[in-house]
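Those protein sequences? They're chains U and X, same order as listed.
Numbering of the first sequence is given in the working numbering, commencing with residue 14 and proceeding in unit increments.
Numbering of the second sequence is given in the working numbering, commencing with residue 14 and proceeding in unit increments.
Treat the hints with caution; some may be incorrect.
[What the hints assert, rightly or not] Pair ranges (Cβ atoms, derived):
id, chain 1, residue 1, chain 2, residue 2, range
1, U, Arg83, X, Arg329, 33 to 41 Å
2, U, Gly207, X, Phe453, 37 to 45 Å
3, U, Ala398, X, Glu449, 31 to 39 Å
4, X, His446, U, Arg83, 38 to 46 Å
5, X, His446, U, Gly207, 43 to 51 Å
6, U, Glu438, X, Glu449, 35 to 43 Å
7, X, Lys331, U, Arg126, 26 to 34 Å
Derived from the structure by calculation, the hints contain no laboratory data.
Yeah, the Cβ is synthetic: ideal placement off N, Cα and C, and Gly gets one too.
Number of protein chains: 2
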Amino acid sequence: MKASNKMWKQIAQEAQALRDETLAKVGVTIEIPAQLSRNVTDIPDRVLSASSARITSLAPQEIITLASERKISAQQIVQAFLERAIAAQNLTNCLTEILPERAISQAIELDARLLGNSAPLGPLHGLPVSIKSHIGIANRPLSSGYCAPFHSRQRPDTDALVVQILTRAGAIVHARTTEPQSMMQLECTSNLYGVTTNPYSNILMSSGGSSGGEAALIALRGSVLGVGSDVGGSIRVPAAACGIYGLKPTAFRVPTTGWSSTPPGADPIVTVLGPMSVSLEGLEMFMRVVAAAEPWRIEPALIPLPWRAVDIVLSREKPLRLGIIWHDEVVKPHPPIMRALKEFVNKVSNVPHVEVVDFPPYKHDEAWAIASSLYFTDGGEADLAVMAESGEPLLPLTEWIIKDNPGVKLLDRGELEYWLEEREEFRMEYSQHWNETGVFNRASGNWEGTVDAIICPVAPGVATQHNTAKYWTYTAVWNLLDYPALAFPVGKVDKAVDVKENRKRFMSDLDKENWKLCGRTDFPTPRYVLLNTISTDFQSC
Amino acid sequence: MKASNKMWKQIAQEAQALRDETLAKVGVTIEIPAQLSRNVTDIPDRVLSASSARITSLAPQEIITLASERKISAQQIVQAFLERAIAAQNLTNCLTEILPERAISQAIELDARLLGNSAPLGPLHGLPVSIKSHIGIANRPLSSGYCAPFHSRQRPDTDALVVQILTRAGAIVHARTTEPQSMMQLECTSNLYGVTTNPYSNILMSSGGSSGGEAALIALRGSVLGVGSDVGGSIRVPAAACGIYGLKPTAFRVPTTGWSSTPPGADPIVTVLGPMSVSLEGLEMFMRVVAAAEPWRIEPALIPLPWRAVDIVLSREKPLRLGIIWHDEVVKPHPPIMRALKEFVNKVSNVPHVEVVDFPPYKHDEAWAIASSLYFTDGGEADLAVMAESGEPLLPLTEWIIKDNPGVKLLDRGELEYWLEEREEFRMEYSQHWNETGVFNRASGNWEGTVDAIICPVAPGVATQHNTAKYWTYTAVWNLLDYPALAFPVGKVDKAVDVKENRKRFMSDLDKENWKLCGRTDFPTPRYVLLNTISTDFQSC
Numbered sequence: 014m015k016a017s018n019k020m021w022k023q024i025a026q027e028a029q030a031l032r033d034e035t036l037a038k039v040g041v042t043i044e045i046p047a048q049l050s051r052n053v054t055d056i057p058d059r060v061l062s063a064s065s066a067r068i069t070s071l072a073p074q075e076i077i078t079l080a081s082e083r084k085i086s087a088q089q090i091v092q093a094f095l096e097r098a099i100a101a102q103n104l105t106n107c108l109t110e111i112l113p114e115r116a117i118s119q120a121i122e123l124d125a126r127l128l129g130n131s132a133p134l135g136p137l138h139g140l141p142v143s144i145k146s147h148i149g150i151a152n153r154p155l156s157s158g159y160c161a162p163f164h165s166r167q168r169p170d171t172d173a174l175v176v177q178i179l180t181r182a183g184a185i186v187h188a189r190t191t192e193p194q195s196m197m198q199l200e201c202t203s204n205l206y207g208v209t210t211n212p213y214s215n216i217l218m219s220s221g222g223s224s225g226g227e228a229a230l231i232a233l234r235g236s237v238l239g240v241g242s243d244v245g246g247s248i249r250v251p252a253a254a255c256g257i258y259g260l261k262p263t264a265f266r267v268p269t270t271g272w273s274s275t276p277p278g279a280d281p282i283v284t285v286l287g288p289m290s291v292s293l294e295g296l297e298m299f300m301r302v303v304a305a306a307e308p309w310r311i312e313p314a315l316i317p318l319p320w321r322a323v324d325i326v327l328s329r330e331k332p333l334r335l336g337i338i339w340h341d342e343v344v345k346p347h348p349p350i351m352r353a354l355k356e357f358v359n360k361v362s363n364v365p366h367v368e369v370v371d372f373p374p375y376k377h378d379e380a381w382a383i384a385s386s387l388y389f390t391d392g393g394e395a396d397l398a399v400m401a402e403s404g405e406p407l408l409p410l411t412e413w414i415i416k417d418n419p420g421v422k423l424l425d426r427g428e429l430e431y432w433l434e435e436r437e438e439f440r441m442e443y444s445q446h447w448n449e450t451g452v453f454n455r456a457s458g459n460w461e462g463t464v465d466a467i468i469c470p471v472a473p474g475v476a477t478q479h480n481t482a483k484y485w486t487y488t489a490v491w492n493l494l495d496y497p498a499l500a501f502p503v504g505k506v507d508k509a510v511d512v513k514e515n516r517k518r519f520m521s522d523l524d525k526e527n528w529k530l531c532g533r534t535d536f537p538t539p540r541y542v543l544l545n546t547i548s549t550d551f552q553s554c
Numbered sequence: 014m015k016a017s018n019k020m021w022k023q024i025a026q027e028a029q030a031l032r033d034e035t036l037a038k039v040g041v042t043i044e045i046p047a048q049l050s051r052n053v054t055d056i057p058d059r060v061l062s063a064s065s066a067r068i069t070s071l072a073p074q075e076i077i078t079l080a081s082e083r084k085i086s087a088q089q090i091v092q093a094f095l096e097r098a099i100a101a102q103n104l105t106n107c108l109t110e111i112l113p114e115r116a117i118s119q120a121i122e123l124d125a126r127l128l129g130n131s132a133p134l135g136p137l138h139g140l141p142v143s144i145k146s147h148i149g150i151a152n153r154p155l156s157s158g159y160c161a162p163f164h165s166r167q168r169p170d171t172d173a174l175v176v177q178i179l180t181r182a183g184a185i186v187h188a189r190t191t192e193p194q195s196m197m198q199l200e201c202t203s204n205l206y207g208v209t210t211n212p213y214s215n216i217l218m219s220s221g222g223s224s225g226g227e228a229a230l231i232a233l234r235g236s237v238l239g240v241g242s243d244v245g246g247s248i249r250v251p252a253a254a255c256g257i258y259g260l261k262p263t264a265f266r267v268p269t270t271g272w273s274s275t276p277p278g279a280d281p282i283v284t285v286l287g288p289m290s291v292s293l294e295g296l297e298m299f300m301r302v303v304a305a306a307e308p309w310r311i312e313p314a315l316i317p318l319p320w321r322a323v324d325i326v327l328s329r330e331k332p333l334r335l336g337i338i339w340h341d342e343v344v345k346p347h348p349p350i351m352r353a354l355k356e357f358v359n360k361v362s363n364v365p366h367v368e369v370v371d372f373p374p375y376k377h378d379e380a381w382a383i384a385s386s387l388y389f390t391d392g393g394e395a396d397l398a399v400m401a402e403s404g405e406p407l408l409p410l411t412e413w414i415i416k417d418n419p420g421v422k423l424l425d426r427g428e429l430e431y432w433l434e435e436r437e438e439f440r441m442e443y444s445q446h447w448n449e450t451g452v453f454n455r456a457s458g459n460w461e462g463t464v465d466a467i468i469c470p471v472a473p474g475v476a477t478q479h480n481t482a483k484y485w486t487y488t489a490v491w492n493l494l495d496y497p498a499l500a501f502p503v504g505k506v507d508k509a510v511d512v513k514e515n516r517k518r519f520m521s522d523l524d525k526e527n528w529k530l531c532g533r534t535d536f537p538t539p540r541y542v543l544l545n546t547i548s549t550d551f552q553s554c
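Could you put together the complete structure from these sequences and hints?
In structure tokens:
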């Protein structure tokens, strides 16, 4: 036991040494001030050269346009983002490694291409992108947040399919980002790399997770577009905690070939890959490029469906109907979330031809019972085994999700079948519940005038203190239902207004637990965001 | 035991009495000659009135057009098909009941609508359709081929969703068709209704199954369009045995809400509903109507994908490439099948801009190992229990699939997961194998010039003698892969040419077993058909 206990520490040291080695290869020193305020989002601009600061402040499309028109070289762009990623790493510990050699040599090729008067390589020409670490990169380690695989898993020969697609479109992978132990945390802490912190509240709060490395990196503009993954909130919660945009697409839209997880289609709750970005435009850019590559020709589980841009036309005839879930009837969100939602509703209510109605949540407690029963159908056995392999200890949120969660147990085949049928029935019922926001037209057999999208909190609070993010349902319900869900920034905490409520009555024990978390260190200052789930009309976005 | 043994017989008597009662309600006597030749397909025209014979000889679109233009009333059409369905029942035992009251009252409504100068109800205005019995019809029993549920299962309040869609489009359900015990037979025999026979070889041969009632009824034109289901060949094998067209669509295209089976999405190998018809046109008509109804708004497991008609343009630039699977390397089909395939290939090889290449099958033995392990993950427990409930005996092919099949056993969760991963890996490998019929374009990341469709036998022989259809792989492999597959008629046995081969060497024991079946009673005269699976290009047809 002692030998293996030593083993994980050695692996972690090795992993961090490898990371530092890659950082050193950039050949610049990014000095971070010794004294930092809580909010470190302004630091990179202060420590980078003016040119690098300017390049990394551009929107994704601006970068692509400037690179394609030879106004900035891909090499300059890559250099600026490598530097800024190092700053982000020094501030939040968000990287598992950086890829300077690969990125620069790719940039040189792209630049040479334009010098030779060829057209830009593709719609992402010259755009640096970051990739969550469990998505394979050729000849690089693949660890999925655990120590043992970092050592024992064979390095992949080729990039994951999604990376191939981005690369062929002209994107340049420059950074790989952290993920938590087990990848089943809404925070981002592993024994391999430690804790990823929130750029809006350095040290104190979590970046959110599991795609917390992406969120912290993108919030600091060490990347403007990245790829995360989500099975219960892992794209949306960190996006919310760090004030960026994140999309959890429907299952079987974005290829997963070459990641370190179950084969596509074999999971009872499907983990999806999806984009995270500084802007909505970044998300759509990603989805468009991925769908245009027709990845279903390679990964047969994918649905052969082109990307369909939603063009919202507001008209008297067919107003846009938004359904608001104020809270999920289990846990009431903290004051800043409730205020943000109210302000959002006030704002959109004044837009002509937008209708806002309350959307009653449908059995979100049952949703969690089903989802949590299907996350680890082996009772966590495989995960415990991989931890035992290197002797690494269970971190608090791994312990909580695998061991303290009443849903998680070894299911027999009959129980598994039972929960799968529960899942399907819940999907049918929720769909019907949604339909009933409209009126049934007997002749067409369709429901008309149903709500077009739900607006609902991403989480019951803003960025969490470390080891406290235990209430997944605000996001996990949309994984169970397999609806696409978008997290987008709305505003920030206002300490003067968002004071802790004095509550005596609670909807549930979980509600009380969440209330206790409120204001324990008084509020941090991350932005908070709302969750936007899109209706059956756009279900496969 | 004796009491329950009596129970299933009572239920069967009740079921048959109910069926006969509905037949009697049509109020005509269809006299079938006492002496019948083997091939009874000419009988209905001889026993029906000239008018009914003429109406039932029309193509689906002709019927709809004549009804919509008020050249024939829907009532006349329904009456003709009810009569012909009775003839088919008397010849092949293909019905579980007929629905004269419902069909006639619907026809009256449709006719009244046109008299009132309204437009036709929809694109299927006035078309009688038949429905396999495990697809629910309001207030009618729902048995899934077993005795007990006929009695104990509550009658549904509403039609299954697919029936609702067809009805709203103007179709009239006039007949319900037989299905075998367990529905997991490629023949069509149950304790409830007995044996459904093949109209091309009365008594001697099977109609194929499990959608054998549909196939026999449609071959005799007691219906020109019907709905069957398929998880291992159940649409295609009977279509082949009876010389009609049948389409197994991709999963999650046709709604299953309201059938008597697992909820959609909870099955490791997905059972699909699909059309069977006298013509290709009938199949496409069905798919077009179903997709246009956007059933994904009601059944969330469905893919929100419109029907995409495939328009094959033959050109020098992009010729149509057909890949031929001559045999699956496990079991060699009987001589008439091999001849038909050869003749088909000779024919299409002469068409300009059609290329024909051999397509090597990819591990079809492994495909069966995976599929058969996933068909009954409870080792058949639930099916055995439902049979025990009424005391009904296991019929030979039920016994074979549940008890004698090495793949069928109670899986534990780990084994289930293993086979699900095997399934996904097999899908990836087959997709790659298919891609390798083309050339990889590094720049686009796509395979170009791949085979567009595979042409392959539906089964290793023509219509089978009763209780001998045990080799599923020619069809089941496409269920495992979830590729759409179309069975279409090509020709008939020619006794002078299709003589049994004198074989001494076999590819496998199964090959030898299949060879022995050949010509045991010398060849019957059903048509045989080829299976056409469509490439990734059209994968979700």
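Now the hints, each set against the structure:
no. : hint                                : in the structure
1   : Arg83(U) <-> Arg329(X): 33 to 41 Å  : holds (39 Å)
2   : Gly207(U) <-> Phe453(X): 37 to 45 Å : holds (41 Å)
3   : Ala398(U) <-> Glu449(X): 31 to 39 Å : holds (36 Å)
4   : His446(X) <-> Arg83(U): 38 to 46 Å  : holds (43 Å)
5   : His446(X) <-> Gly207(U): 43 to 51 Å : holds (44 Å)
6   : Glu438(U) <-> Glu449(X): 35 to 43 Å : holds (41 Å)
7   : Lys331(X) <-> Arg126(U): 26 to 34 Å : holds (28 Å)
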